[in-house]
Every structure is written in C-alpha cells, then in structure tokens.
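Chain by chain, the residues:
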Amino acid sequence: MSALDLADIQGGILRAYGRQGFPKARYFFLTIRDAAKGRHFVETLRPRITTAARWKNPEREEPLLRTRNPRVKDVVRAEGAPDYPGEVQLIKPKVALNIAFTFPGLQALDVPTRTLREMPDEYMDGMEKRAPLLGDDPFLDKRDAVWRDSRGDKRVHILVSMNAEMNKDGTPIAELEEETRWLEALCAESEGGVVLLSGTGPDGARYQEMSAVLREDDGVMSPTNKEHFGLSDGFGDPVFEGQMSGEAERLRMIGGGKILPDLSWAPLATGEFLLGYSDEAQEIPGAAMPIEFSRNGTFMAYRKLHENVGSFADYIEKAGARYARMYGIADPVEARDTVKAKLVGRWHDGVPLMAAPTYQAWKAFNAELAAARAAGDKPKLAQFALRFTNFQYRPDPDGATCPVTSHLRRANPRDMLDPNFTSTNKGSWDGSALVNRRRILRRGLPYGDVDPAAPSDSGEQGIIFLALCTGLFRQFEFVQQQWMQYGLDFNAGSDTCPIIGNAGEEEDSHKLMVVTEPATGRQPFLCDRIPQLVEPRGGDYFFIPSMTALRMIGMGIVDPT
Amino acid sequence: MPDLDGGHYFYTGLVPICNVGIVQHEAMKSSPIHMVREALETLPTALQSHASEKIGIQSPFARSLRTHFTRLVVLDQPFYNGRDHANALVSALSGTDLLKAGPIDTLACPYVMVMIDFDPVDPQGKGEPRAYFEELWRLMPDELDAVFRYAYGFSKVKDPASFADMMLACQIETTMPFNDYWIGAPQLPSLSKALLAAVPIVAIGGAAAIAILSHWPWWAGILLGIALLIVAVFIDYWLVMRQGGKSFPAAPNSTLRDVLKGLYLQQAFTRFAAERQGGDPATLGAAFRDFLAKHKPNDLDGPTQTPGVIRSHFPEGTA
Numbered sequence: 001m002s003a004l005d006l007a008d009i010q011g012g013i014l015r016a017y018g019r020q021g022f023p024k025a026r027y028f029f030l031t032i033r034d035a036a037k038g039r040h041f042v043e044t045l046r047p048r049i050t051t052a053a054r055w056k057n058p059e060r061e062e063p064l065l066r067t068r069n070p071r072v073k074d075v076v077r078a079e080g081a082p083d084y085p086g087e088v089q090l091i092k093p094k095v096a097l098n099i100a101f102t103f104p105g106l107q108a109l110d111v112p113t114r115t116l117r118e119m120p121d122e123y124m125d126g127m128e129k130r131a132p133l134l135g136d137d138p139f140l141d142k143r144d145a146v147w148r149d150s151r152g153d154k155r156v157h158i159l160v161s162m163n164a165e166m167n168k169d170g171t172p173i174a175e176l177e178e179e180t181r182w183l184e185a186l187c188a189e190s191e192g193g194v195v196l197l198s199g200t201g202p203d204g205a206r207y208q209e210m211s212a213v214l215r216e217d218d219g220v221m222s223p224t225n226k227e228h229f230g231l232s233d234g235f236g237d238p239v240f241e242g243q244m245s246g247e248a249e250r251l252r253m254i255g256g257g258k259i260l261p262d263l264s265w266a267p268l269a270t271g272e273f274l275l276g277y278s279d280e281a282q283e284i285p286g287a288a289m290p291i292e293f294s295r296n297g298t299f300m301a302y303r304k305l306h307e308n309v310g311s312f313a314d315y316i317e318k319a320g321a322r323y324a325r326m327y328g329i330a331d332p333v334e335a336r337d338t339v340k341a342k343l344v345g346r347w348h349d350g351v352p353l354m355a356a357p358t359y360q361a362w363k364a365f366n367a368e369l370a371a372a373r374a375a376g377d378k379p380k381l382a383q384f385a386l387r388f389t390n391f392q393y394r395p396d397p398d399g400a401t402c403p404v405t406s407h408l409r410r411a412n413p414r415d416m417l418d419p420n421f422t423s424t425n426k427g428s429w430d431g432s433a434l435v436n437r438r439r440i441l442r443r444g445l446p447y448g449d450v451d452p453a454a455p456s457d458s459g460e461q462g463i464i465f466l467a468l469c470t471g472l473f474r475q476f477e478f479v480q481q482q483w484m485q486y487g488l489d490f491n492a493g494s495d496t497c498p499i500i501g502n503a504g505e506e507e508d509s510h511k512l513m514v515v516t517e518p519a520t521g522r523q524p525f526l527c528d529r530i531p532q533l534v535e536p537r538g539g540d541y542f543f544i545p546s547m548t549a550l551r552m553i554g555m556g557i558v559d560p561t
Numbered sequence: 001m002p003d004l005d006g007g008h009y010f011y012t013g014l015v016p017i018c019n020v021g022i023v024q025h026e027a028m029k030s031s032p033i034h035m036v037r038e039a040l041e042t043l044p045t046a047l048q049s050h051a052s053e054k055i056g057i058q059s060p061f062a063r064s065l066r067t068h069f070t071r072l073v074v075l076d077q078p079f080y081n082g083r084d085h086a087n088a089l090v091s092a093l094s095g096t097d098l099l100k101a102g103p104i105d106t107l108a109c110p111y112v113m114v115m116i117d118f119d120p121v122d123p124q125g126k127g128e129p130r131a132y133f134e135e136l137w138r139l140m141p142d143e144l145d146a147v148f149r150y151a152y153g154f155s156k157v158k159d160p161a162s163f164a165d166m167m168l169a170c171q172i173e174t175t176m177p178f179n180d181y182w183i184g185a186p187q188l189p190s191l192s193k194a195l196l197a198a199v200p201i202v203a204i205g206g207a208a209a210i211a212i213l214s215h216w217p218w219w220a221g222i223l224l225g226i227a228l229l230i231v232a233v234f235i236d237y238w239l240v241m242r243q244g245g246k247s248f249p250a251a252p253n254s255t256l257r258d259v260l261k262g263l264y265l266q267q268a269f270t271r272f273a274a275e276r277q278g279g280d281p282a283t284l285g286a287a288f289r290d291f292l293a294k295h296k297p298n299d300l301d302g303p304t305q306t307p308g309v310i311r312s313h314f315p316e317g318t319a
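Chains as they are written, first to last, in the numbering used here: chain D, 1 to 561; chain S, 1 to 319.
Because the hints were derived from the structure by calculation, they are not lab data.
Here the structure is a predicted model, which is why all the values come from computation and not from measurement.
Certain hints may be false.
To be verified - Cross-link-like lysine-lysine pairs, in silico, BS3-like; alpha carbons within 25 Å at most:
1) 54/S to 129/D
2) 142/D to 54/S
3) 193/S to 426/D
4) 511/D to 54/S
For reference, chain S alone in the conformation it holds in the complex (with noise of 0.2 Å):
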C-alpha cells in the first residue's frame, strides 16, 4: 500500500471546484476558484522561519499533533507546452498536416490538490485517512469550510464523517511518497538473487528431467522447458514486485510527537552542555539526574516542543 510508507500515511487528492457563476462579498464580485485561492493564500503557515516566527498567528494544522507537512495547491488547467514532439521524417512520410491544429488537454474544472504527511493511528493504516480527516475536521471547521466551500460535494459536508467521506472519494494513489526521518540508511531485507536464478534454473531443470524420465521426443522437452521457463519468469516478477509492494520500515521515534520531543532534548541538552562544560565533574552527575528529572526524555507528554514553532523557549537558567 503506498500511500502508507516509512510509519507515515502520504494523503493525496484532487478536490473538483465548481467554478460556475460569481461570488458577490463585500464590495467584490469573484469567481469561486478565486475565493478559493484566497482562502489558501490568507491561510497562516507555520512559524518555522525566521520572516514568519514573529507573525504570531500559528497555521490551523498545527492543532494536530499528528501533521508533519500539508501543502494545497490549485490546478486550473494542465500548462500548454505546444504540440507533441514528433520526428520531422516520421511526419513527412505519415503525410501530418502541420496547419491543422493538435489536440490540448484540459481539465473541466479546476481542483484543489491536497497532500498531507501525517501519523496514523494503527501504525498499519487501519482506519486512515477517515480517522485523521475526521480529527481535522473538529480541529479546524472554519478554516476547511473556507477552503472547501465551492468543492463538489461539499454540500454534503456537515460532521467529521461527512468531511471525511468527500476527501476519501476524492483521494487518488501515489506510489513515490518521500520523508526525511531516516538519519542513517534503513536495513531493507534484499530479495535473494539465488532465489531468483533458482526459479528458472529449477523450471529447465525440471523439464529435462520430465522429458528424460518420460522418454518424450527432444523437441517435446524444449516445448515444456519454454512453457515452464515462461512461469519461472512470471514467478520471479511476482516475488519482485511483492517484495517492492512492502511498506518502507518506519524510522525509529518518527512520529511528530517523537520528533517535537527530540528538538525540544536537543535544545536544551546543548544549553545543559554549554553551562555545564568545564565544571567540577563531581557534581555533573546529581545536574544531569536534575535534568532528567526537568525535561523527562520519556515522556512525549512532558516538556516538549510546540508544534509548526522553529524553536523551544526556554527561560534563562532552566537547562
């Protein structure tokens, strides 16, 4: 299943606007596809740079303690790049007529495009995206309602499970979903390539063998050996793709939680280290049970890290 990979679950849809008729607000009349562009652009992102830290008002996605990273997108219309490519030769001799117009694709609405990385609930999906929409939903109507107002279907939506019924029907499959929580490469078990040469060695094999014992003509033999090398190949491309169709392993502590945890122990473990370095290393041991008592690295519940923030604060002298 590749929307679920590394421990995370990779939502992708493609919401359709019905872009029909204007929207008159305030002074404005717009279209709707205009709206919803609005809605997006006005939209707080996290405080995780330097330009946005100080702005104060903290993306509604931050709410979950289980979104790693939402990026939406509006697609009006596929971009145009001229005419399909084609060899000079080729359309010579099939007599293309260059005065006559090619095809141009196009969409009949536009769509919002909504991905999301975010933390399941059963680390095997079970249950997702229903249950993370869901959540969303009671985290953030107003802002959802603003985005979604104009999308097919939205008219439905009235509850979590109404809301979580239309981004379900709107999700499509990826299959190259992409994270950053690996620190060192994964152990992935390889598919042996004994295994593999096995297959088709042991189909020839097995056809000589029948051929042999069974006193069958030579060319009988080589018929069976094509038949069963044909299955051997078809055996190894389903052992291939099996083993290719395997959730990538999640990296160890990747659930935001974790990682809110471990940038919160790495600020303030470097601020220990800083007041600390130098000292009489008689009493390093009795600080160091302090800040363990203090920051509690077990405990994702415990001092932590805010979410969507790009540091900890921490009041001069708590390390």
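If we strip away everything but chain D, and leave its shape as in the complex, we get (with noise of 0.2 Å):
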C-alpha cells in the first residue's frame, strides 16, 4: 500500500503514546454549549494537535539497553533502520495534545445529520446504553459523577487529551500545567460555550489524571509497564499495513499481526485501524460521508477500569497456597507466581507462558536475559525481544501451558479458533481468519497510587483503557463480549475472563481451569471463586478525526452532499 498521510492521523493511534516517553497524562471531558463557540474551541485547538508525523527525539536512550525487557521495535534501532515511516522534520513534542468527539458531542457541533445518520449504530448509542452488551450494568452506579451526569447540559461530547513528559522524581513536567492552564482559559474565554466538566472521581477533580506505574532507582524514578496487579502489560498490540517502516513491520508483524495458513506472520489491513482502507474482509469499513470526514479517523472506547488490588491480592495469596499444598511446591512464592501466570497467560514481568511454560523455564529465562544484557548482547537481546510476541496455541491445543481461558489467550486467540486447529491436514489450516477482525488497538496507561505493602480495594487505581478500531461492534464490544465475558468460543460454557470478567451474582461462577498435560498424571487445577478484580467506573464511546475532518468541524463546512 501507498504510505499512510501521518500528518492527518492523529497522534496516538499509531503509536501508544505511554510507550514513546510519555508516561504522565491528564483527560479533559468538555461540553458544548454553543455551537458556534464549541467550533471556535476546536479551531484554537487545531494548531496544537500532536499528530502521527514523525518526529526525533533528542534523548532518546541507547535502543534494546534502554528498557528492562528488550522491545521489538529496538531490535530495528539497533540495526541502524528507521521504525517508523514518513520524513523526520518534527522534534519531539513535551506534551502530546489531542481531541476526540462522543456521538451528541459533532450533534452539538452542527456536523449535519446527513453525516451523522451514517456513524455507527453503537458510537450513537454511546457507552452507557451498551452496559448490559458490555456486562458493565451492575456497575453504573459505581461510576465518576462525569459519566454518572453525562446527560443534558452537562453531557461529555469533547475528550481533550494532553500526554507528557515526565521529571526525574516522577511528577509530570512543568508544560503540563501551563497546558492545563491554557485549556481552561480556553473554556473560561468561551463565556459558558465550551464547559469543563468535573467529576472524573471521587474527588471530583476536573480532570482524568494519569501516571504509569513508577519504579525507583537510586532516587531516580522512572517508568514502567505494569498496571497495578503488578502485571506488565502492552506487548501484543496489532501491527497494521503503514502503520510502521518496511524492517520493523517486517519484525514486529510476527506475533503482532496476523497467522497466514501456512502460519507465517503478515501485518493486519489497515481498514481495521484507520477508515477509508480496506479491512480484513477486503470491505472498506462502514464510515459517514463526505468519505474525507471519516478517513484516517477511527473510533475509541474509553473506559476508566478500577482494580480491587486488595482482593487480587488476597485471592493469589489463597489460591497459591492451595497450588502449593496441592503440588508441593516448597517456595510460596514460586506458587504464588505460577499461579497469576495461569490466570493472566504471562509471568508478572510480561515473559509469555508459551515462551516459559513453567516457573524454573521463566527463571532460566531472565538469568539468560540478564546475562545478555550484561554482555551488551545486541544480537541475543534482539532473539528475546520477538520471544514476547512470537508464539501460536497450536503446540497447546488444551491449554496445558497457556490455559485456553487465560486473558491472554482470550485477548488474542491468534490461531486457537481456526476450525481445524486440531487437524493434522496442513493444507486445511486456516491461521488466524476468525480473529483478525476482532483486533483492537490497545492503549491508555494507569491511573492513581497503590501501597503495595496495604493493597486495598477502596481508593482510586485503576487503568484508562483506550480500545481504538474501526468498527467498535465488531472488534471492541465483540471482544469484551463473547471473549471475555462469556467462553463458549473456548468451550468454556458462560465462564468470563478470569481477570476482566464479570464474577457473577452466584459467588462460585467465576472460574479458571488450569489443565495439565495428561502424560504427567497430575491433577489439574481449579481456580474457582475468583472475586471481582475489575470495576468500570465509567467511559464512553468517541471519534478520533483526522486533522482533514478536524478543520471541516471547525470551520463548520462538513458537506455530504
């Protein structure tokens, strides 16, 4: 395909902006008043919109070193190669700014109906009307006063984000603030027609804020990729056409795109991730008119989902006890985190179950990463970068290594569903067919504090889930639906996510089977009453136009005729 028009995408999407040195964010949730006014705003703001062109970073640290566990796109670095498409002519932003518009949010901008009618039916609906679909009804009223109000005049239909930069002692650096201030300014100039709302949580602060889980190193902090399970998280993200330069598409399309039948790697179509190009089913995907509204925009699903730490923490500590009388395994915490494996699919520091299947192959694992590492190993640390993401469940089909209903493999099935996964008929293979387009990219970072020596329930922590696709019925809710709150594509009758899922009304129905290989005799093990680990607080469905469509809003000459 021709290259993609990065200076009309927005920044974001694709790239995660917490992996490209912004570990610091604030979310911003406006209405709009006034029509008129609201164009204004998004006219003001256009200029400083952060998008996908690419940029140099001066700072940037040595690649496959700079990072605990070496990342693909290094291993391109490394070799001297661009990762990323397109001319450089920017420098690096110190705060990534951009915008995004719910359904009634272009309704309050005039966008005229006749572009409207044609949005999809789901981004229309918004978030709050898909609980029962998402399995998010019995937490509404669990949520932020901002999505709890989100109706009449104080109904969210702008999210401004701004993505920064981070000081060595861990807090945001100075631009965010100034940023903060213009964009208030901003609305206070606006007399009543652009309105910041509060109550993005208990608190009722006026703004979503965000922070990577920090790690301290002789004084100096720096970010991770945990969440606050303590899980690294953010490996298996899609790799689309266009999306990255010839070489790191080449490395980072195997185990991020998709599985051709004779199981080699190819990078997923770009209609999955951007309007206006062909999808997987070679269809462009279903988009409102004037078609240059809608190309290289897509959709996003926010969702703030909280983390009851204190009950993940409580339930490992149990359910390891249980593994570690029930194998007899002497270390509790070899138990402990064999356990959180099985459930999420990969050990805490991210290394896959099928890559380490089991506690002493993790262990030999790192020391020879880190003995890699040592020696400067480009080469070796090059090899264990793509051991992260390479892997197929075909070696697996039981799920003895992985389990088949682990979040991982529920995530991304790869080529767990093909209709002939067991069949020893090479030629029938069919890779990766069912699950390509029920892709999403996934982005977002964590937000509040946890005490790890006290984990509690109680208290803001959480994640700021961000799914982008282009179509949020077919990928997103498809996904939180039939994957992760339901089994039966993993025969698994209606047991959800053991991690994401929603743990019932009858406290025994959240489950986890943890097979084991027959030939080994040895019991399998049962991860039954798992309580409640993740709450939606709240979110909603968005547009994220292209700068193109950004300016036809603003200068309110939408024409779909």
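Both chains are given apart, each in its own frame, so use the hints to dock them into the complex.
In structure tokens form, the structure reads like this:
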C-alpha cells in the first residue's frame, strides 16, 4: 500500500504514547453549550494537535539496553534502520495534545444529520446504553460523576487528552500544568460555550490524572509497563499495514500481525484500525460521508477500569497456598507467581507462558536475558525481544501450558479459533482468519496509586483503557462480550475472563481451569471463586477525526452532498 | 426422510392466517394478524439468558420434556427486492420494455412459520409429528389457541388429535436441519469410490465382452457400450442419492432429558471438584461414592436440570 498520510492522522493511534516517553497524562471532558463557540474552541485547539508525523527525540537512550525487557522496535533501531515511516521534520513535543468527540458532541457542533446518520449504531448509542452488552450494568452506579451525570447540559461531548513527559522525580513536566491552564482559560473565554466538566474521580477532579506505575532506582523515578496488579502489560498490540517502516513491520508483524494458513505472519489490513482503507474483509469499513470526514480517523472506547488490588492480592495468596499444597511446592512465591501467570497467560514481568511454561523455565529465561543485557549482546537481546510476542497456540491445544481461558488467550486467540486447529492436515489450516476482524489497538495508562504493602480495593487505582478500531461493535464490543464476558468460543460455557470478567452473582461462578498434560498424571487445578477484580467506572465511545475532518468540523463545512 | 435427522425431528410448517376483517378486543380494533403477532410477542421466552433469567415466567414450550428449540415467525409478504436482474445486452437484444412493470410475487395471506426441533418417541420417527403436537396441545392449549385462533382450519381444532391434524396439513418438507449435539465428527460410512468407479467399468467391459463373444460389428458394440454406460451413470446416481437420503445418525445421549442431565452433572461435578481439590486422597473415594449416590448419573429422572433454564441451583455444600 502507499504510505499513510501521517500528518493527517492524530497522534496516539499508530503508537501508544505511554511507550513513546509520555508516562504522564491528563484527560479532560468538556461539554458544548453553544455550537459556534464550540467550533471556535476546536479551531483554537487545532494547531496544537499532535499528529502521527515522525519526530526526532534527541534524548532517546541506547536501543535494546534502555528498557529492562528488550523491545522489538528497538531491534530495528539497533540495526540503524528507522522503526517509523516518513521523513523526520519535527522534534518530539513535551506534551502531546489530542481531541476526540462523542456522537452528541458532533451533534452539538452542528455536523450535518446526513453525515451523522451514517455513523455506526454503537457510537450513536454511547457506552452507557451498551452496558448490558458489555457487562457493565451491575456497576453503573459506581461510575464517576462525570459519567453518571453525562446527559443534558452535562453530556460529555469532547475529550481533550494531554500526554506528557516526566521529571526525574516522577512528577509531570511543568509544561503539562501550563497546557492545563491554557485549556482552562480557553474554556473560560468561551463564556459558557464550552464547559470543562468536573467529577472524574470521587473527589470531583477537573480532569483524569494518569501515570505509568513508577519504579525508583537510586532516587530516580522511571516508568514501567506495569499496572496496579503488578503485571506487565502492552506487549501484544496489533500490527497493521502502513503503521511502521518496512524493516520494523517485517519484525513486529511476527506475533502482532495475522497468521496466514501456512503459519507465517503478515500485517493486518489498515482498514481494521483507520477508516477509509480496505479492511480484513476487503471492504471499506462503514463510515460517515463525505469520505474525507472519516478517512484517517478511527473510533475509540474510553474505559476507566478500577482494579480491586486488595481482592487480587488476597486471592493470589489463598489460591497460591492451595496450589503449593496440591503440588508440593515449598516456595510460596513460586506458587503465587504460577497461579498469577496461569490467570493472565504471562508471568508478571510479561514473559509469556508459551515462551516459559514453568517457573523454572521462566527463571532460566530471565537469567539468560540478564546475562545478555550485562554482556550488551544485542543480537541475543533481539532474539529475546521477539519471544515476548512470537508464539502460536497449536503446540498447546488443551491449554496445559497457557490455559485456554486465560486473559491473554481470550483477548487474542491467535490461531486457536482455526476451525481446523486440531487437524493434522496442514492444507486445511486457516491461520487466524476468525480473529483478524476482532483486533483492537490498546492504548491508555494506569491511574492512581497503590501501596504495595497494604493493597486495598477502595481508593482510586486502575487503568484508563483505550480500545481503538474502526468497528467498535465488530471489534471492541465483540471481544468484550464474547471473549471476556462469555466462554463458548473456548468451550468454557458461561465462564468469563478470570481477570476482567464479571464474577457474577453466584459466588462460585467465576473460575479458571488450569489443565495439566495428561501424560504427567498431575491433577488439574481449579481457580474457583475468583472475586470481582476489575470494575468499570465509566467511559464512552469517541470518534478521533483526522486533521482534515477536524478542520471541517471547526470551520463548520462538513458537506455530505 | 429429511425431517428426521441426527435423532431429532425437525418440524417445519407454514400455517395460513385468515386476515380478513377486524378483531375487537378491549378498546382496540385490530387486524387478525396483529393479534397473532401480539400473542407471539407476549409469549414468554425460556429463562436461558442473563436478561431473562429472573423474569420467572417460563416459556410454555419448556413444559414438554421433548422440545429442544422452537421458532415462530410471521411471514406477511415476501420482501420485494426490485426488478429481476438481467444482462443489459440481453435485455436490449430481446427488446425488453423497461417501462413495463415486472411481476411482483405476493402471498394470498400471511403465514405463521413454525419450526420445532423435538425428540421423537420412536427413534425412527414413527407416529411423528402427530404424537408431539397432541402432547403439545395437552400441555399448552391456551397459548396455542392465542397464536393459531385465526388460522385457516383452526375452527375444526377442538382436541389434541384435531390440532395435530391441522399442523400435519401445514407441514412442508425440509432438507437441511441443523443441530449441534455432536461433540466430535460422527463416523459416517462413506460410499466406496471403487464401487462407484466399478459400475461404469463393468458396463463398458460387459458391452465389449458381449460384442466380441457374439461377433457383433464394432459400431453395435459401441452403441451397446454407450447404452450400458448411461444405465451405469443412473445406478451411480441412485447409489449416491440413496446414501445421501439416509438420516444423519443420532449423537450419543442427545435427547433433551440426556442433555438436561448432562448440564446438571457438569455443574454438580465442577462444584464437587472445586470443594475437594487438594483434599485428602483417602477420603476422595467415599466422597465420590456419595456424589454418585446423590446425583445418580445414570438416572435421567433423578436429580436433573429443569427445562428452559440457564443453570441449576445447588444449595451451598450439596455437591
């Protein structure tokens, strides 16, 4: 395909900001009470929007050695090849600013009905109406005020996001506060035309503060890829055509792209993640007209997910003790880490069970990785980087290594849903054909703080989960409803995801079966009575327009005829 | 017999509705098909989803221990999808007048389409679907009356036998039922390719032998060969069709009562396994014998799941 128009696509879509050196963020929710003032607001904001255009980061550290776990994108950089497409004409900003709209937001800005009526149903509905489908209905009353009150003159219309760099002491850089004050001043200038909504937390905060979980090394704070359960996250993001440079694509599609019938990897179709391009069904995904209003834009589910870290710690403690007793494991840490890994599909540092099936194999993996790091052995580190994502489930049909209903395997079943998964006739294999239309780009950052010494369910801690795709119904909602809140595709009846699924009202219904190799004669382990670990605290569906569409919205010239 | 497949009977019927005049009910005046639709729309569905589980009003079809699946649909008119497509060149050459309206298919009256999968009393389906509809009338006469009271022929329905008469008259043959109870691929006997190939070979060989032994001229031998080959093709066709016409075998334990018992046992055993895991192996045998005594795996009448619900409920500690 021809190169993407990077300067027309908003930033944060092709790449996750959290992994581009922006570990801090503030998300602002606004309502528009006057269409003309709303458009003026958009026009004022427009020059500041960060796009996907390539930039140079003069402060970037040594590839492959700069992070604890080597990353695939660094493999390409270490070879001296660019990992990102396009020319470098920009210097990396200190704060990346972006904008997205709910359906009522576009209405409030007077986008024509003829354009709006072609928007997808789920986007028009918004997340609250979709609660029964998403499994959110038991938690609607626990939402932040900004979402509970999101109607009438307090309806959330606009999301303005600011992703920022961090000082060495772990605080956001001063520019974030300056940008915040600028945005507040802009709202004030509108004299009630555009209003910043408060109530994004129990304390009525004016914005959603977010931060990577930090690690302290000799007084210097650095961001990690952990969330508050202590699990490393964000390895298996989809890779699609045009997203990265040729060399980076060649490497990163392995484990990130789609699996072809011959079990080789290829990047997913651009149209799965950006509107206006052909998707995996060789169709242009449904989009509002004119096409330039939709092209290079995408949809986003914003979800604030509270993490019950106390319940998680308690459960791992109890289940770990039982696991240790059953299998005669002396070290309680080994038992706890194993139970955690079986629930998630990865060890807590992100090493997949498919790469290190046992505790001992994991320790060996890490020892070898540490040795390679110490020796600065970049070819070896490059090999390790790939092992975090390069696996398929055909060698493990029963889930004896990685449980079939673990979070990882549910979220992206890879080759597992091949109708001929267990067939010995290689000619009949279909790769990941049934999964390719169900992938989402996962973005977002954790929020809140947790005291690891005294984890508690109360308080503000969790992750802001952002799912980006061109079809929220086909991709995000399908994964949430069918794979997270149900188990039939995995022959697990009504079982839900052990991590983010609903525990249900019957207290013994939330469970995960840890099967064992029959040849070992070991008993299987049943993780039963898993408590509710993750609870939604609100959110909505947003349209992230291209820069062209944003100009059309701001200037009031969307013309569907 | 395609109506009986996989051990289940797949009834499909089209029941014509007399949609003439109006029906006065309370303060409303409605068309008969409006009444049929309302009766269907207010018929409770089974309590088999999280949304319907707590409603507490069960589908009347769940009163039968033979009903797997029921679907009732109102067909008002076939949906008109525009003029038939034609090749523009063909239309031009044949002088098609595009200003002349093409035919539009219509139905003379609305129909209720009835599709029910149920267990036949006799494995070969003997006496079905009559026996099923007679049973259904005994179990849910009021609901059936509400749905079918405006159907042509319903005036003669007064008892189970006459209701079955009406439904039998409305039955249409179906050729592609679907059921999902096979866990693995069933072992289906395949028609031997060698047998199919042998039939025409024998025909040609036979013709050649007859021609040579009888000293026929060559052209007579070829004519006989062609004639026998045509017969051979028909024999092969008959063999294939006879094989295809056989019912798909029943999956093991796939009657509704078996399925309900299976669902019940699955839930009971999961609880048993959860409560016992990691326990003293010495007590496991006795506990499992207790489990067998309590849940009676071989007894379909014993503790089992009631039809039309999403789960069984076990008081704490009964597993």
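Hint by hint, here is what the structure shows:
no., hint, in the structure
1, 54/S to 129/D, "21 Å, holds"
2, 142/D to 54/S, "23 Å, holds"
3, 193/S to 426/D, "24 Å, holds"
4, 511/D to 54/S, "23 Å, holds"
Violated hints for the displayed structure: none, as all numbered hints are satisfied.
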